[in-house]
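**Q** Single-letter residue listing:
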Amino acid sequence: MKNNIYIYIAIMTAVTYGIRVIPLTLIRKPITSKFIKSFLYYVPYVTLAVMTFPAIMDATQSPIAGLVALILGIGAAWLGAGLLPVSVICCITVFALEWFLL
Amino acid sequence: MNKKQQFIQGFQHGIPIGLGYFAVAFSLGVAAKHAGLNAFQGFLASILNNASAGEYAGFTVIAAHASYFEMAIIILVTNARYMLMSCALSQHLPPTLSLGHRLLIGHFVTDEIFGITIARPGTLNPYYTYGAAIFASPAWAIGTALGIMAGNLLPLRVVSALSVALFGMFLAVFIPPCKHNPVIAGCVISGFGLSYLMQHLGKWYPFFGTISGGTKTIILTVLISALAAVFFPISEKE
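Going down the list, the protein sequences come from chains Y and W. Per our numbering, residue 0 is the first one in the first sequence, and the count goes up by one each step. Per our numbering, residue 13 is the first one in the second sequence, and the count goes up by one each step.
Fair warning: there could be bad hints in the mix.
The list that follows gives simulated cross-link-like pairs (lysine-lysine, DSBU-like), each with its CA atoms no further than 30 Å apart [as the list claims (entries may be wrong)]:
1) Lys215/W / Lys191/W
2) Lys36/Y / Lys228/W
3) Lys228/W / Lys215/W
4) Lys215/W / Lys33/Y
5) Lys15/W / Lys33/Y
6) Lys36/Y / Lys191/W
If the Cβ cut is set under 7 Å, some of the chain Y residues that face chain W in the computed set are [claimed, not checked]:
7) Tyr7
8) Arg19
9) Leu23
10) Lys33
11) Phe34
12) Val49
13) Leu83
14) Val85
15) Phe94
16) Phe99
It should be emphasised that the hints constitute simulated quantities derived from the structure, not laboratory data. Cβ coordinates follow ideal geometry from the N, Cα and C atoms, glycine included.
Isolated chain Y (complex conformation) (with noise of 0.2 Å):
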């Protein structure tokens, strides 16, 4: 069966604007469970390590340059560079290598 790529869409954008909406009309206290606060303070970054590993590999064409770009990528952020440098870091990366590899 082929799904509708509109219809994709207009789930994630009612889902996502729900998402961030909610908390911002309906809760107007702060949340006391420990345990789903703990929960929500986890999970940005299980997700984003979830999804970044092992699929850079594959979204590379030798996966051995993904698996350095993320090596790189890992301590240009542990030494602090933010959101572009790491990217560009990351890209360079990949370039390079799979310029020899391939």
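Chain W: place on chain Y using the hints.
**A** For chain W alone, kept in the frame of chain Y given last:
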């Protein structure tokens, strides 16, 4: 500061964010194209969602022709952090702020715009957020559309290099907190390990092979975050 000054200051702070968005959105466009979206659909998805990881996860769902239900769940999980940010932001809004402003600010809760707005002293003037978003949000959407269009024209090795830009941005978000918080570092390392393990189990056991990338993300996120929340609940100041 009046509305106009707030707006101008927000606009100035939004320029570097927009430039970063543009570059990363370009690589998101490559993923969108892979999922079968055209430039208009990519533009639409980005202007309506303003979400890097969520959109990326959504495009993998589209690429897999997975169910609408799976789409809703994966977006809920990958964007769950925005709920936390909105909860935090709700504490910084003037209590009298109208519903209309609340509905509009909500659309622009992204990692970066949240980051600069929450750092404002006192209560938030919504015009600061609008100023930041008026450049950053279109830059994100146009970058996505250009990524879809130019993905065709660029050599394969350039597309391959650009496809890691998005992962670079993810790293810039989740690596710095690992330095100061060993629990987050543990979460990230288990995330990497279990994600790798689950992908490879699929090669050995057919049962795991039927689990899509999106479902894997949901299962591992809920599992690891819940365990971390039980064993390492955050203290009040966090």
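**Q** Decide, hint by hint, whether the structure agrees.
**A** Against the structure, the hints:
For the given pair, Lys215/W sits about 34 Å from Lys191/W by alpha-carbon distance, which is inconsistent with the 30 Å threshold. Between the alpha carbons of Lys36/Y and Lys228/W the distance comes to roughly 23 Å, so the proposed pair stays at or under 30 Å and holds. Among the hinted pairs, Lys228/W with Lys215/W is consistent with the structure: their alpha-carbon atoms are about 15 Å apart, no more than 30 Å. Between Lys215/W and Lys33/Y, the direct Cα distance comes to roughly 39 Å. Violation of the 30 Å bound is thereby established for this hinted pair.
About 37 Å separates the Cα atoms of Lys15/W and Lys33/Y, which puts this hinted pair outside 30 Å; it is violated. Taking the CA atoms of Lys36/Y and Lys191/W, the gap is about 21 Å. The hint holds against a cut of 30 Å. Because the beta carbon of Tyr7/Y sits about 5 Å from the nearest beta carbon in chain W, less than 7 Å, this interface hint is met. With a least beta-carbon distance of about 4 Å to chain W, the hint placing Arg19/Y at the interface is held under the 7 Å criterion.
With a least beta-carbon distance of about 5 Å to chain W, the hint placing Leu23/Y at the interface is held under the 7 Å criterion. Using the Cβ-Cβ criterion of 7 Å, the hint placing Lys33/Y at the interface with chain W is satisfied: the shortest such distance is roughly 5 Å. With its C-beta approaching chain W no nearer than about 5 Å, Phe34/Y sits inside the 7 Å limit, and its interface hint holds. Look at Val49/Y: its Cβ gets to within about 5 Å of chain W, closer than 7 Å, so that hint holds up.
Hint on Leu83/Y holds. Least Cβ distance to chain W is approximately 4 Å, under the 7 Å limit. Taking 7 Å as the C-beta cut-off, the interface hint given for Val85/Y holds, the closest approach to chain W being about 4 Å. Hint on Phe94/Y holds. Least Cβ distance to chain W is approximately 4 Å, under the 7 Å limit. At about 11 Å, the closest approach between the beta carbon of Phe99/Y and any beta carbon in chain W exceeds 7 Å, and the interface hint on this residue is violated.
Checked against the numbered hints above, the structure breaks hints 1, 4, 5 and 16 and satisfies the rest.
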